[in-house]
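**Student:** Based on these hints, arrange chain B on the given structure of chain A.
Line by line, the protein sequences are chains A and B.
Under the numbering used here, the letters of the first sequence match residues 1 to 339, in that order.
Under the numbering used here, the letters of the second sequence match residues 1 to 484, in that order.
None of these hints come from the bench; they were simulated from the model.
Keep in mind it's a predicted model, so treat the numbers as computed, not measured.
Glycine is no exception: its CB is placed at the ideal position from the N, C-alpha and C atoms.
Some clues are possibly wrong.
To be verified - DMTMM-like, lysine to aspartate or glutamate: derived pairs with alpha carbons at most 25 Å apart:
hint: 1; chain 1: B; residue 1: Lys58; chain 2: A; residue 2: Glu190
hint: 2; chain 1: B; residue 1: Lys449; chain 2: A; residue 2: Asp146
hint: 3; chain 1: B; residue 1: Lys449; chain 2: A; residue 2: Asp116
hint: 4; chain 1: B; residue 1: Lys449; chain 2: A; residue 2: Glu39
hint: 5; chain 1: B; residue 1: Lys449; chain 2: A; residue 2: Asp107
Stated by the list, open to error - Taking CB as the label site, the calculated pair distances span:
hint: 6; chain 1: A; residue 1: Asn155; chain 2: B; residue 2: Arg159; range: 52 to 60 Å
hint: 7; chain 1: B; residue 1: Arg369; chain 2: A; residue 2: Pro33; range: 38 to 46 Å
hint: 8; chain 1: A; residue 1: Tyr293; chain 2: B; residue 2: Glu316; range: 34 to 42 Å
hint: 9; chain 1: A; residue 1: Val300; chain 2: B; residue 2: Val339; range: 53 to 61 Å
hint: 10; chain 1: A; residue 1: Ala338; chain 2: B; residue 2: Thr437; range: 30 to 38 Å
hint: 11; chain 1: B; residue 1: His474; chain 2: A; residue 2: Trp248; range: 58 to 66 Å
hint: 12; chain 1: B; residue 1: Val435; chain 2: A; residue 2: Tyr160; range: 52 to 60 Å
hint: 13; chain 1: A; residue 1: Val34; chain 2: B; residue 2: Val434; range: 50 to 58 Å
hint: 14; chain 1: A; residue 1: Val34; chain 2: B; residue 2: Arg456; range: 49 to 57 Å
hint: 15; chain 1: B; residue 1: Lys211; chain 2: A; residue 2: Glu39; range: 27 to 35 Å
hint: 16; chain 1: A; residue 1: Val109; chain 2: B; residue 2: Asp214; range: 33 to 41 Å
hint: 17; chain 1: B; residue 1: Asp214; chain 2: A; residue 2: Leu308; range: 31 to 39 Å
hint: 18; chain 1: B; residue 1: Thr170; chain 2: A; residue 2: Pro142; range: 29 to 37 Å
hint: 19; chain 1: B; residue 1: Ser280; chain 2: A; residue 2: Asn158; range: 56 to 64 Å
Each chain, letter by letter, is given below.
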Amino acid sequence: MELTTVWFSLIAVLWIGYFVLEGFDFGVGMLLPVIGRTEDERRVLINTIGPVWDGNEVWLLVAGGATFAAFPEWYATLFSGFYLPLLLILVALIVRGLAFEYRHKRDDVAWRARWDLAIIVGSAVPAVLWGVAFGNILRGVPIDGDLEYAGGFFNLLNPYALLGGATTLLLFLTHGAVFISLKTSGRVREHARDLATRLGLGAAVVTVVFLGWTQLDTGTAASALAFAAAAVALVLGLLAVLAGRDGWSFVGTFLAIGLGVAGLFLALFPDVMPTSLAGGTGLTTTNAAATAYTLKIMTVVAVIFTPLVLAYQAWTYWVFRRRISVDHIPAPLPTPFAP
Amino acid sequence: MDLDTLDIARWQFAITTVYHFMFVPITIGLSAIVAGYETAWVRTRNPQWLRLTRFFGKLFLINFAIGVVTGIVQEFQFGMNWSDYSRFVGDVFGAPLAIEGLLAFFLESTFLGLWIFGWDRLPARLHAACMWLVHLGTLFSAYFILAANSFMQNPVGYRYDAETGRAEMTDFAAVMFNKVQLVTFPHTVLAAYMTGAAFVVGVAFWQLVRKARDEEDRSMYRSAVRSAAAVVLVAGVGVTISGDFQGKVMTEVQPMKMAAAEALYGTEQPADFSVFTVGSLDGSEERFAIKVPRLLSFLATGDLEGEVVGIDELREQYAEEYGSDPGAAYYSPGDYTPVIPLTYWTFRLMMGLGMAAAAIAVWILWATRAGRTPRGRWLMTAALALPFLPLLANSFGWIFTEMGRQPWAVFGLMTTQNAVSPSVSPTEALVSLVVLTLLYGVLAVIEVKLLLGYARHGADKVEDDDLPPERPDHDPDRPLAFAY
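This is chain A alone, in the form it adopts within the complex:
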């Protein structure tokens, strides 16, 4: 296999890792006000992702860094082109990340309410915008002969891309609900399972339409296979929710998102950012790539360190495998601020 193909696949893997992992912590964040009716319930939800959300987010940083290294032109065009949506995502990720750490630092209802809002909005905005961004990448955006993005902000808001946004939003909500039912017990778990079924139904419909549309537009035999597998995984996952099998339902939504994203990359290949402009130049794995030398170095580094990272991240999930409920939530730590 060519090195550019290897790196296209590795970047796909990084995005898959990002969406299957941060997907559920976005879902948990968005469901905070829905499932977390009391303060203790909200703390249960936040603590299901507390030890892992930051590690999940690193998948995004590494996907960005790997794109910079392996396909500099792709990184440059994408990041300077999708400027304002990326700015929104940055702001969302900043306030959300701080919220987890700062929320409990003052014993003050208004303080907590503000950080809760940061978690909810900060999870919802990227959950939608990543779908919109990938929709636009697949559909093609105006890129001129100098590989520069030549559209504006509103070019990015087309029906197909917005449907992509709705798809990631509903999938992440479902994934989050399933994760909560896997990681909690008691009323929170019942509520999450109930929601997972209903959200899952909506997610299934939107996902099938979005993936079907993608398949008709740019699909290949391989992407069709991945999309079909994603749909099957989602349906089986939802059946597992009904059967009360939390572990299997999580495997289902995990695979549905992973295979769905894999299908999107298969439908994209060998383009990385096609142009919608007549006379423009689209970006491909060839014209966007770094040199063979750089790709070789990066391959060696990735082969050595990726298994190590996967091993210790998996270990974290094992360490924090226990289900939690409101009974496990300790009294709030004393804070130096008067309420």
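**Tutor:** Structure of chain B alone, referenced to chain A:
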């Protein structure tokens, strides 16, 4: 004033980077100190170390959170605002960034999660090891990002490909072991230890003098003050030595930056170092100066009689070597000179504030010797100023090294003017600058209030039922040892 994307992008880079680098050195330094406290706790089972671990661990986390989230902006803004730069150097510059993510960010985030929540989940030694791994992650991070920056100061291990119009990596080892990197990494990391330790001294000294209620508290805070002050001093000596090496490398690869550091227009042999100057705004005319004879010669060349080439001569050399138009918008054509007053003063402030920090550390070590608790007002003022001195010195150092490279983004290869994103409109860039600056401002207020509140509160006492278990506790009904 007519702002274009370039001006705005430069301001954004300056603001977001200087801001981000307030939190980074504290993270590097404090992670090592907290890991050290926890190791002392595991070894001695003396509760004072556990109290210090928890106390400074809490302050560490408040600081770390902002460092992490503002780091995401750093990773994104090369592509967002500097897309032509990214296209030009991505083949060389992207690799260390990607490796930083894979080696450093995963390590830091995963093991910090384990550390925060794992008090009853992990054996005590393994728990302490988690913080050491976080610290190792910060060192990896520093190494790779500084290797990337060193390429901008002194491009090595690449060739320019005329066909693709970009710099392409030919020797990864040369990029990783760039001679600028080999002196910059120790300088930066030692300065970070100084910063983290100065933070500890400031907080613990205030607690020792103002709040400690009993001998147990006093003895604990005194240990913290004295050990951290010793770190400030030792790291300060290391910063000076590594900085001296750095000066010589800089003179060799970026002679203009050294000349700009002294505002030395004419070549001199031997060259004096001015501690303080009153002169014309561009520094070309001097009215009053306090000078140390031959010091600049020594800093630049290691020889008291060494020749230091001045700005005027270098400007002509550069014009001959690089053509005549490096970036007409900022610098008159043919002018390869950075903004001299800025480089002159930031260089002095960096050194002066760093030395002041080391001096205060000595004073505190002397005043707290043999179990003393000093009550002097001046000493308290100095101790409270101490945490800010290395922080500011770091910022001035970076402003010096980045502004001293101008008009280049990559020295000798690409000017800053040519690095900016052509497709980003001034409006978009301005929206980004305003949004991020306002957000960062609000977060700074929140962060400082939290830090002050928790720092004033001091280290909680530990009761016997509050000790973390030595072995993991797998009772499924036990409440979480720590929860958000």
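**Student:** Failing hints, ascending?
**Tutor:** Numbers 1, 2, 6, 7, 9, 11, 12, 13, 14 and 17, in rising order.
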